[in-house]
Structures are given as C-alpha cells and as structure tokens.
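**Student:** The chain contents come next:
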Amino acid sequence: MRDVAIVSYAQSPSVRTQQDENEVEMLMPLIKEAVEGSGIAKQDIGFTCSGSTDYLSGQSFAFVMAVDAVGAWPPINESHVEMDGAWALYEAWIKIQCGEADSALIFSFGRSSMGETAETLGLQLDPYTLAPLKADAISLAALQARAGLDAGKWTEREMAEIAVRCRAQAKDNPDAQLSGDFETDQLLADPYLVSPLRKHDCPPVSDGAAVMVIAAEEVARKGPNPPVWIRGLEHRLDSHQPGGRDLTLSPSTSLAAQAAGVADGPIDFAELHAPFTHQEVILREALGLGPDVLINPSGGPLSGNPIMVAGLARLGESARRLWAGHGKRAVAHATSGPCLQQNLVCVLEGE
Amino acid sequence: MAEHAAVIGIGQTDFDAKRVDVSQVGLIREAALRALKDAQLEWSDIDAVVIGKAPDMFEGVMMPELFLAEALGCVGKPMLRVHTAGSVGGSTAIVAASLVQSGIHKRVLTVSYEKQSESNAMWALSIKLPFSQTLVAGAGGFFAPLIRGYMARSGAPEDTGIRVALKDRLNALKNPVAHLKLPDVTFEMIANSPMLWDPIRYLETCPSSDGACALIIGDSAAAKQSRSHPPAWIHATQMKTEPTMFAKRDQVMPQAGLDCSAALYKKAGITDPRKEIDCAEVYVPFSWFEPMWMENLHFAPPGEGWRMTYEGATALDGDLPINMSGGVLCTNAIGASGMVRFAEAAMQVRGQAGEHQIDGAKKALGHAYGGGSQYFSMWIVGDQPL
Chain H
2 MRDVAIVSYA QSPSVRTQQD ENEVEMLMPL IKEAVEGSGI AKQDIGFTCS GSTDYLSGQS
62 FAFVMAVDAV GAWPPINESH VEMDGAWALY EAWIKIQCGE ADSALIFSFG RSSMGETAET
122 LGLQLDPYTL APLKADAISL AALQARAGLD AGKWTEREMA EIAVRCRAQA KDNPDAQLSG
182 DFETDQLLAD PYLVSPLRKH DCPPVSDGAA VMVIAAEEVA RKGPNPPVWI RGLEHRLDSH
242 QPGGRDLTLS PSTSLAAQAA GVADGPIDFA ELHAPFTHQE VILREALGLG PDVLINPSGG
302 PLSGNPIMVA GLARLGESAR RLWAGHGKRA VAHATSGPCL QQNLVCVLEG E
Chain D
417 MAEHAAVIGI GQTDFDAKRV DVSQVGLIRE AALRALKDAQ LEWSDIDAVV IGKAPDMFEG
477 VMMPELFLAE ALGCVGKPML RVHTAGSVGG STAIVAASLV QSGIHKRVLT VSYEKQSESN
537 AMWALSIKLP FSQTLVAGAG GFFAPLIRGY MARSGAPEDT GIRVALKDRL NALKNPVAHL
597 KLPDVTFEMI ANSPMLWDPI RYLETCPSSD GACALIIGDS AAAKQSRSHP PAWIHATQMK
657 TEPTMFAKRD QVMPQAGLDC SAALYKKAGI TDPRKEIDCA EVYVPFSWFE PMWMENLHFA
717 PPGEGWRMTY EGATALDGDL PINMSGGVLC TNAIGASGMV RFAEAAMQVR GQAGEHQIDG
777 AKKALGHAYG GGSQYFSMWI VGDQPL
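Which chain is which? The protein sequence lines are H and D, in order.
According to my numbering, the first sequence is numbered sequentially starting from 2.
According to my numbering, the second sequence is numbered sequentially starting from 417.
Hints were generated in silico from the structure; no laboratory data involved.
It should be emphasised that the depicted structure is a prediction, and the values quoted were computed from it without experimental measurement.
Treat the hints loosely; a few may be bogus.
Listed below are the simulated DSS-like cross-link pairs for lysine-lysine, each with C-alpha atoms no more than 30 Å apart in a straight line [stated by the list, open to error]:
| id | chain 1 | residue 1 | chain 2 | residue 2 |
| --- | --- | --- | --- | --- |
| 1 | D | K682 | H | K43 |
| 2 | H | K43 | H | K223 |
| 3 | H | K43 | D | K664 |
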C-alpha cells in the first residue's frame with residue numbers, strides 16, 4: 002500500500018440558494034485554490050474524479066458540464082461516481098494505489114436549491130415497493146429517530162442538545178450556513194416537523210461545492226501544507242429496506258471502522274456525516290467513539306449540508322483542523338442513502 | 417506496482433426492447449448469476465461490487481444502486497456506482513479492475529445495466545434547462561452533423577454506413593443474446609429504411625434495449641483457479657475526458673479518443689495496433705461511427721477509415737473484425753453497452769464467443785465512448801498475462 006495524503010482542500014460556503022453562479026462557476030475558483038494550495042502543477046495531476054447526482058439539477062449528464070471547470074485540455078484521465086465526493090476520493094485513492102497516478106484532484110458539487118431536496122431524495126427508494134409510499138428523506142429519518150426513542154437509545158432532549166452543540170461549534174466556521182447560540186428548552190418548545198423530528202433535528206437545505214487534492218508520499222511531501230495522511234479508508238453498505246435492518250444501529254459503519262483501524266489509536270475529534278441529530282448517536286456508537294471525542298467541530302451537516310458534498314467536506318474539514326494543529330488523529334465519515342444505508346470511514350493523521 | 421487482473425466470469429442477460437418479465441433487480445441478477453456460474457463462484461466469494469449505468473432518469477430512480485445492491489449480495493461489502501455517460505459500462509469495468517490491480521480485493525463483481533422500457537431515454541436526454549444548451553432530438557440529432565462532417569472530410573462513399581449496418585446486423589444473427597435480429601436483412605432493406613436524422617437511417621441506428629452485463633474480475637490466484645474458461649488477462653485500461661464548451665474541440669475526431677487509444681497501446685506494449693490486435697468491440701451506436709472510430713483508434717490513417725469497412729477488413733473474416741457480436745447497432749442497453757464491448761472482447765480471447773468467435777483471437781480491444789464524444793474508456797485483454 003502506498004502512503005497517500007490530503008495535500009489541499011477548498012470549499013464554498015454552504016448557502017441556502019446560490020443564485021448567481023452555476024456549477025462550473027462555483028467550482029472554478031475552488032479548483033484554482035486547491036490546485037495552487039497543493040504545490041502541484043495542474044498538468045501534473047494524474048487523475049481527476051468527481052461525485053454528483055443528476056437528480057439535484059434535474060438534468061441528465063449534469064457532471065459532464067462540470068468537467069469544464071477543470072480545464073480538461075489536453076484531455077485528462079477522469080472518472081465520475083454518482084455518489085458523494087467522498088467516494089470519488091475512494092476511486093482516486095485506488096488509482097494511486099494502482100500506481101496509475103501519483104496525485105489526484107477530487108471535486109463534488111450539489112445545489113439542493115434547484116428542487117425540493119427531501120422529496121428528491123425520496124426518489125432514491127426502491128421504485129417498486131417503497132417509492133410509491135411517497136416517504137421523503139425526513140419522514141424516513143423520523144422513523145429511525147422514533148425507533149431509537151422507543152428503544153431508549155436517545156431522548157428528544159439529547160437530540161436537541163446535539164443541535165445546540167453543533168450550531169455553537171459552527172460559530173468558528175466561516176463556511177457554515179447555520180450557527181449561533183441556542184437554548185435546548187427553546188428548541189424543544191418548537192412544534193414537530195415530522196414527529197419526533199423538529200426543525201433543529203434536520204439539516205439546512207444547502208448549495209455548495211468542494212475540491213480536494215491528494216497525493217502519494219513522494220509528491221505530498223513537496224507541497225506547502227504538511228501532509229494529512231489517509232491511514233484507513235473503507236466503506237460498506239447495509240440493506241436498503243428500512244424493515245430489513247435495526248435502524249438504531251449502523252453495522253456497515255462498524256465494519257468500515259474496524260477495517261479502517263479506527264480503534265488502533267486515540268481519536269482527537271471526528272467529523273461525522275450525520276444530517277439528523279439522532280444519527281450522531283448511532284454513528285458515535287458504531288465507530289466506538291468515547292464521550293471524550295469531540296464530534297463535528299466544524300458544526301457538521303446540521304450547520305451546512307450540500308448534498309453530494311457534505312461527505313467529502315467531512316474529510317476536508319478534518320484536514321483543515323489537523324493543519325491548524327487541533328489534534329493528531331481524526332475520523333471522517335460520509336454517508337449515502339436512506340437512514341445511513343451506506344457509510345465510508347476514513348482515519349486521518351497529521352504530521 | 418499494479419497486480420495482474422483478469423476477467424474470470426462473464427454474464428449477459430438476454431436483451432430485448434421490453435424485459436417485462438423482470439424488474440431492474442431481476443435484470444441485474446440474471447447477468448450476475450450467469451457471471452457467477454461462468455466463474456464457478458458463489459456470492460460469498462465476491463469481495464466488492466461496482467455498479468454502472470447511464471443517467472438515472474433513464475429509469476426514473478435516483479442512485480438506483482442503493483436499492484439494487486442487496487440483490488447483488490452487497491450487504492456488508494463495499495459498493496461503488498460509476499457514471500461517465502455512455503462510456504460508463506467500460507469505465508465501470510475499469511474501476512472494478514483497479515480494485516483488483518491495487519491489491520485491495522481478490523474478486524470483484526461488476527454489473528452495468530439499463531432498463532429503458534421503464535422510462536423514456538429520449539425525454540431524459542431532452543430536458544431544457546434555463547441558459548443552457550438543449551439536445552432536443554436525442555442522441556441521433558446530436559451526432560448526425562458530426563457524421564456529415566466526417567463524410568465531407570473523408571469523401572467516403574455515401575453507402576459506407578449501410579455496409580456497416582448490414583455487417584453488424586448479420587453478425588447479430590450469430591449472437592444468442594442480441595436484441596435486434598433481422599434474419600432477412602439486405603443492403604436494400606437498410607437503404608430503403610426511413611431517414612431519421614439525415615444521414616442516419618432507421619436501420620443504421622441502435623435500438624433501445626433492456627439488459628445487463630456482469631463481469632467477475634480476479635487477481636492472479638483467482639485467475640489460476642478459473643475452471644470453465646481460461647481467464648482474459650487485462651493488459652491495459654485507459655479513460656480520457658475532454659471539455660464540452662471549448663473552441664479547439666474536434667467532435668468529429670475527438671482528441672480524448674486519439675489520446676486514450678495511444679496511451680492504451682503504450683501501456684499494452686502495442687506499436688502496430690492494426691496488426692497486433694486480433695479483433696475489437698467498438699461502441700458504434702450509429703453505423704458511420706465505425707469508420708470514424710477506425711481512424712480515432714489509429715487503425716487507419718485520417719480519412720481512410722471507411723476503406724476498412726468498404727474492403728471488408730472489419731467483417732468476421734477480415735483482418736481486423738469489428739463488432740463480432742453485432743455491436744451497439746443491434747443491442748443497446750445504454751449503461752451496459754460499454755461493458756458488453758469489454759465483455760465481448762474478453763469472450764473472444766477466452767474462446768467462448770460461439771458462432772461469432774474469431775479463431776485464435778489472442779488480443780482484443782473493448783471500446784466505449786459517451787456524452788457528446790467527450791468520454792472514452794478502453795481496455796486490451798489477452799489470452800496470456802502481459
């Protein structure tokens with residue numbers, strides 16, 4: 002296995018509606034920033050991979066135009082996953098492991114403002130047995146939250162406390178969409194959005210984009226940023242059917258965490274792709290993170306949740322924090338699908 | 417550094433306009449079970465799954481791999497979903513190969529599919545967004561002017577496309593899973609078929625198909641255990657992409673395709689592709705793309721690709737047979753089409769292509785392209801490791 006590191010990262014602020022720029026315009030300055038920050042000449046980057054979904058923009062081949070933001074001339078070695086950018090990073094990491102490239106540019110983008118996000122995500126469901134029931138993403142998460150409440154795994158107060166903590170932590174993040182000081186009792190006085198979820202239990206609707214450069218050791222050491230090493234990178238999947246699994250657990254996260262070696266050393270902080278408050282509890286347990294581990298110092302998806310970007314952003318936010326010297330070893334996590342169906346776990350280490 | 421990888425199992429569904437007998441789940445399982453049977457493996461032997469398909473709007477399900485994965489034995493395993501436009505079937509196979517070449521996995525199942533009968537591809541390709549280009553006439557309307565461009569540049573005879581279509585439609589009669597089979601097909605029947613997008617006639621275009629293709633890719637140890645057929649060793653893989661809105665683009669002879677094949681041959685140690693490659697499965701959705709791609713793949717000099725068709729070089733008994741299976745012109749489950757090209761190339765070097773087998777094929781090329789010819793993916797497979 003080759004040692005591979007994150008060498009640079011750039012992201013747009015999460016905003017409710019990005020009206021002034023299309024996807025290419027959102028990406029272009031970020032690609033410039035990430036490439037310049039990597040210390041690698043653009044033509045020397047060996048592979049490019051992006052993550053996005055056509056259903057956000059309501060257009061087939063939405064990713065094709067986004068390639069124009071890279072300046073793919075002469076033609077480049079490039080691929081695309083219809084997944085969160087975190088899995089684009091996985092494909093790029095594999096290419097480097099194959100020896101086909103020594104560095105890679107990863108980008109992802111998502112403009113949820115183009116449609117009704119929760120309903121759009123409902124179109125991910127099995128078209129024969131689930132989608133006709135018209136359950137949207139929030140309703141499914143509510144089923145999951147209810148299962149945990151009934152099992153005594155969390156309370157509505159604990160869920161609200163997670164929102165309060167994430168929003169407070171987001172005050173230090175200039176890219177956060179939702180931040181500030183809130184009172185738990187005040188949040189709990191709000192009506193339910195979809196019982197037992199209140200508005201604060203759900204992520205904001207966000208537009209955003211992110212770009213990352215990774216490189217093998219010999220290249221990574223030459224960059225201006227100290228390398229943030231990818232020590233473990235694994236992903237696993239659970240059953241799609243909400244009735245096919247215990248919604249209060251995330252076995253795929255546990256499997257990925259075990260394979261990635263989360264428990265092989267102390268963890269200073271974790272960036273978890275938990276768009277709903279109760280999912281932080283599920284993931285903390287599945288990852289085996291103790292109460293002392295700081296979760297989502299950036300504010301996490303509850304303070305900015307661009308679909309298809311939010312997973313890659315967990316890795317990017319972790320790298321930023323390690324660059325800033327806040328810890329040595331971190332866990333970044335990304336999810337996809339209804340009720341945490343698919344999960345990726347990455348162990349990162351600073352120098 | 418890369419480990420050896422080989423195709424050790426291949427499965428294709430029966431292709432048809434409407435596979436109403438199966439759901440999307442049934443379709444991909446049909447391909448995967450045939451590949452497992454071919455490889456003499458069980459679900460539990462598979463370490464990871466890579467799924468590919470063209471735009472999700474072709475079936476109307478967002479990221480359908482999430483609901484399909486469980487039917488491919490994916491629970492508790494890694495699953496990736498690739499999408500690189502029409503080249504996706506090829507790119508998906510390449511990603512699956514890289515999971516083995518990287519040393520991460522020993523046996524990977526990869527499946528690509530399209531079930532066009534569950535939605536409407538023409539509609540999905542023709543959505544008009546504000547301030548952007550629209551493709552109001554589907555893929556044919558987009559590619560017809562490029563064919564006109566090729567005809568003007570090369571001076572190719574007007575009936576070149578008809579000859580390609582006749583060859584591929586006759587080849588399809590020898591392929592048990594091909595979708596469109598016209599036993600009585602003649603030159604005149606194609607020439608007299610309605611003009612759809614001038615110069616593309618009805619019988620010079622691909623059908624809309626339902627179907628899936630699956631491959632099992634294994635490392636050296638897995639390949640050595642391969643029992644039903646010998647492994648098809650992956651000599652080289654390559655993907656290339658070029659921009660969409662760029663004045664220097666030549667969409668008739670895309671630089672990404674020229675660069676992709678050149679890089680591929682270099683990796684595979686091939687210096688004279690026309691001579692060293694025994695046969696090729698090339699993505700030809702409209703007849704005229706055979707001569708165009710013959711030049712883009714460096715098989716013929718610029719302006720001369722049509723001669724290969726005209727002189728019979730690309731026929732089953734020619735010196736470089738192209739699309740022995742009948743190709744995309746006869747079977748086009750879009751997301752699967754690239755993987756079918758890669759699979760058919762592997763079938764040739766494994767000697768399992770039946771009636772459309774090229775005797776003694778040792779080295780074969782699989783080719784796919786997509787978008788508006790921005791995306792290319794290719795591989796070379798051989799009967800021996802490189």
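**Student:** Each hint should be assessed against the structure and marked as holding or not.
**Tutor:** Checked hints:
1. Proposed proximity of K682(D) and K43(H) is supported: the alpha carbons are some 23 Å apart, at most 30 Å.
2. Taken as a hint, the K43(H) and K223(H) pair is honoured in the structure, with Cα atoms around 15 Å apart against an allowance of 30 Å.
3. Among the hinted pairs, K43(H) with K664(D) is consistent with the structure: their alpha-carbon atoms are about 19 Å apart, no more than 30 Å.
Checked against the numbered hints above, the structure breaks none of them.
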